[in-house]
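K.L.:
Below are the chains, spelled out letter by letter.
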Amino acid sequence: MTIADNTPQTDPVIRLSDVSVRYRLPGERIHTLKEYVIRILQNKLQFKDFYALKNINLEINKGEIFGIIGRNGAGKSTLLKVISRVLIPTGGRVWIKGTVSPLLELGAGFHPELTGRENVFLNGTILGHPRREIEDHLEEIIEFSELRDFIDVPLRTYSSGMHARLGFASSTSWEPDILILDEVLSVGDEAFRKKCEARMRGFRSGGTTSILVSHTMDSILSLCKRAAWLDHGTIRMVGPSDEVIAAYRQAQAGA
Amino acid sequence: MKTTENSIYDSAKRGPVALEELRGIYQYRDLIFQLVRRDIVARYKRSVLGIAWTMLQPLGMMVILSLVFSNLFASVKGYPAYILSGLIAWTFFSQTTSAMISQIVWGGALLKQIYLPRTSFSVSAIGTGIVNLGFSLLTLILIMLIFGLPISWTIIFMPVSMLLLAAFALGVGLIISTMAIYFPDVAEMYAVVLVAWMYLTPIIYPESLVPEAYKFWIFNCNPMYYLVKVFRMPVFEGSLPDAQTMLIASGIAIFTLVFGWFFYSNKADEFAYHL
Chain C
4 MTIADNTPQT DPVIRLSDVS VRYRLPGERI HTLKEYVIRI LQNKLQFKDF
54 YALKNINLEI NKGEIFGIIG RNGAGKSTLL KVISRVLIPT GGRVWIKGTV
104 SPLLELGAGF HPELTGRENV FLNGTILGHP RREIEDHLEE IIEFSELRDF
154 IDVPLRTYSS GMHARLGFAS STSWEPDILI LDEVLSVGDE AFRKKCEARM
204 RGFRSGGTTS ILVSHTMDSI LSLCKRAAWL DHGTIRMVGP SDEVIAAYRQ
254 AQAGA
Chain W
26 MKTTENSIYD SAKRGPVALE ELRGIYQYRD LIFQLVRRDI VARYKRSVLG
76 IAWTMLQPLG MMVILSLVFS NLFASVKGYP AYILSGLIAW TFFSQTTSAM
126 ISQIVWGGAL LKQIYLPRTS FSVSAIGTGI VNLGFSLLTL ILIMLIFGLP
176 ISWTIIFMPV SMLLLAAFAL GVGLIISTMA IYFPDVAEMY AVVLVAWMYL
226 TPIIYPESLV PEAYKFWIFN CNPMYYLVKV FRMPVFEGSL PDAQTMLIAS
276 GIAIFTLVFG WFFYSNKADE FAYHL
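These protein sequence lines map, in sequence, to chains C and W. So the first sequence is numbered by the working numbering: it starts at 4 and just counts up by one. So the second sequence is numbered by the working numbering: it starts at 26 and just counts up by one.
Please keep in mind that the hints were generated in silico from the structure rather than gathered at the bench. All of these numbers come straight from a predicted model, not from anything done at the bench. Each residue gets a CB set at the ideal place from its N, CA and C atoms; glycine is no exception. Check the hints yourself; a few may be wrong.
The list that follows gives simulated cross-link-like pairs (lysine-lysine, DSS-like), each with its CA atoms no further than 30 Å apart [stated by the list, open to error]:
(1) C:Lys65 / C:Lys198
(2) C:Lys57 / W:Lys292
(3) W:Lys38 / C:Lys65
(4) C:Lys228 / W:Lys137
(5) W:Lys137 / C:Lys65
(6) C:Lys37 / C:Lys51
(7) W:Lys38 / W:Lys292
(8) C:Lys228 / C:Lys65
(9) C:Lys228 / C:Lys57
(10) W:Lys38 / C:Lys57
(11) W:Lys292 / W:Lys137
(12) C:Lys228 / C:Lys198
(13) W:Lys102 / W:Lys240
(14) W:Lys38 / W:Lys137
(15) W:Lys137 / C:Lys197
(16) W:Lys292 / C:Lys51
(17) W:Lys137 / C:Lys57
(18) C:Lys51 / W:Lys137
(19) C:Lys198 / W:Lys137
(20) C:Lys197 / C:Lys65
(21) W:Lys292 / C:Lys37
(22) C:Lys51 / W:Lys38
(23) W:Lys137 / C:Lys37
(24) C:Lys197 / C:Lys228
Residues from chain C that face chain W, not an exhaustive set, calculated with beta carbons under 7 Å [stated by the list, open to error]:
(25) Leu36
(26) Ser87
(27) Leu90
(28) Arg96
(29) Pro105
(30) Phe124
(31) Arg134
Looking from chain C toward chain W, a few residues come up when the C-beta cut is under 8 Å (computed) [claimed, not checked]:
(32) His34
(33) Val89
(34) Ile99
(35) Lys100
(36) Leu117
So here's chain C without its partners, still in its complex pose (with noise of 0.2 Å):
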């Protein structure tokens, strides 16, 4: 069985085209506008390139979920930045139909002197939401994070479990159009990877399309049918996931 022949459609949402992320280095740590205009003065001002990403090519169909594996630094949280616009890539095309929505760190922006009602709305707006958005989304987020009674009282007050109660419910009741998730299927108890997989799942049959960067080789290949494989700032292997998981293994083994 192939992957290609289960897809439906193949309808991309993200397609990128040479994408290349460089890094200028200088050669020695700068980091005062005074050192600067000396090393100016004297001609002194080198740079080293460095490449986080090179000459990326990829497609991503909608109602995907897609994975990305590869070792530390092989450049897979910048390719998610380029994705949700964070980094402008120094070189190549970026293309993206719909909105993106990176799962943020649970109660990024959060507030400790406002309440948590306060919070749902500042961090709503901060995900591009308008504030009638969050009205109508008010009372599923109180709803699922089982704060109901805490909602009005400042954040400081919260146990940690409650603030990431909080911040889960608040920045999955959206369904964006494209989901990107870094890593956080392994911060959080098993309690809560199960109630994230299934909101993904959720998600997908949605129309959502998610991008899944992980260590859990298992999350991956429980949730994904392709995958890429990074290493280096490019791509080594894109295809089925489990074929992709395969290499990656064979190839860690031998290293």
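Based on the hints, put chain W in the right spot on chain C.
P.N.:
Positioned in the frame of chain C, the structure of chain W alone reads:
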């Protein structure tokens, strides 16, 4: 499911960045509102005196400065109110521009994770500043009443003065915070510059005391001289600024804002590489 089929992002087909940034701010206007709200509410909740601190800080400065300098500058009628009127304009400028520099550090953590209009945090810092400035203005009016100074109808001109001041502050803040992203020491240098700049602007001393020889430098070469003047005249002196002053003040404010906006927007793509 939402219908967002038409929202296509293509890195090869982007409009002029400064305009895109402007459109982004409009789209994310609810975020700006939430950020301003957060800053005000967090400040208000943190202490017993809450929002009063906003007013007490320039008020305290006013008391100290008037005690120290009242003999020296006895010629000014209602000297404490004179100081206060200049001081709240200055405080607005220095606080918002400094806030923008620190916001870019705080916001930087978010900008590395998710796309937001990069000017969001700067614009919200100005929004917060304007709210605080409004409260300070109320304090000033109170002080003027206490000192028996007349409040003139010209006070209705204040929104214009505040807008010009805000435009200038946003422009300066955008320029300085762009530089601070590349070189952290710029933030410290700017703090020093602010102190010197304040004393080079007629805030605690009357204009008439500036020696003829320095007038060119202190008045003509100092944008804040015009902006403070436009702010002070309608409320403290009860007169409207003359056409020339208005023209210069608006010219400076608009030019700085437009320049800062373009400067920042054009560098904004690189921020994520440096933050």
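K.L.:
Straight-line Cα separation of W:Lys38 and W:Lys137 no greater than 30 Å?
P.N.:
OK: W:Lys38 and W:Lys137 at ~22 Å, within 30 Å.
K.L.:
Under the criterion that the straight-line Cα-Cα distance not exceed 30 Å, is the pair W:Lys137, C:Lys197 satisfied?
P.N.:
holds, 27 Å
K.L.:
For the pair we were handed, C:Lys51 and W:Lys137, check the Cα-Cα distance against 30 Å.
P.N.:
holds, 22 Å
K.L.:
Given the hint that C:Lys228 pairs with W:Lys137, test it: the Cα-Cα distance must not exceed 30 Å.
P.N.:
holds, 29 Å
K.L.:
Please verify that hint: C:Pro105, Cβ, nearest Cβ of chain W, below 7 Å or not.
P.N.:
Result: holds, 5 Å to nearest chain W Cβ.
K.L.:
Holds or violated: is the Cβ of C:Lys100 closer than 8 Å to a Cβ in chain W?
P.N.:
For C:Lys100, the interface hint holds, since the closest Cβ of chain W sits about 5 Å away, which is under 8 Å.
K.L.:
Let me know if the C-beta of C:Leu36 comes in closer than 7 Å to any C-beta of chain W, holds or violated.
P.N.:
Given a least distance of 4 Å, the restraint on C:Leu36 holds.
K.L.:
Have a go at the C:Val89 hint: is there a Cβ in chain W nearer than 8 Å to its own Cβ?
P.N.:
Holds - the Cβ of C:Val89 comes within 8 Å of chain W, reaching about 5 Å at its closest.
K.L.:
Just to be careful, I want the Cα atoms of W:Lys38 and W:Lys292 compared with a cutoff of 30 Å; is the pair within it?
P.N.:
Given pair W:Lys38, W:Lys292 holds - Cα atoms ~18 Å apart, limit 30 Å.
K.L.:
So, as I understand it, the hint says C:Leu90 touches chain W; can you test that by seeing if any CB pair is closer than 7 Å?
P.N.:
It holds, given that the least Cβ distance between C:Leu90 and chain W is near 5 Å, below 7 Å.
K.L.:
Holds or violated: are the alpha carbons of W:Lys292 and W:Lys137 at most 30 Å from each other?
P.N.:
This hinted pair holds, its Cα atoms lying about 15 Å apart.
K.L.:
For the pair we were handed, C:Lys65 and C:Lys198, check the Cα-Cα distance against 30 Å.
P.N.:
holds, 23 Å
Comparing the model with each numbered hint stated earlier shows that all of them hold.
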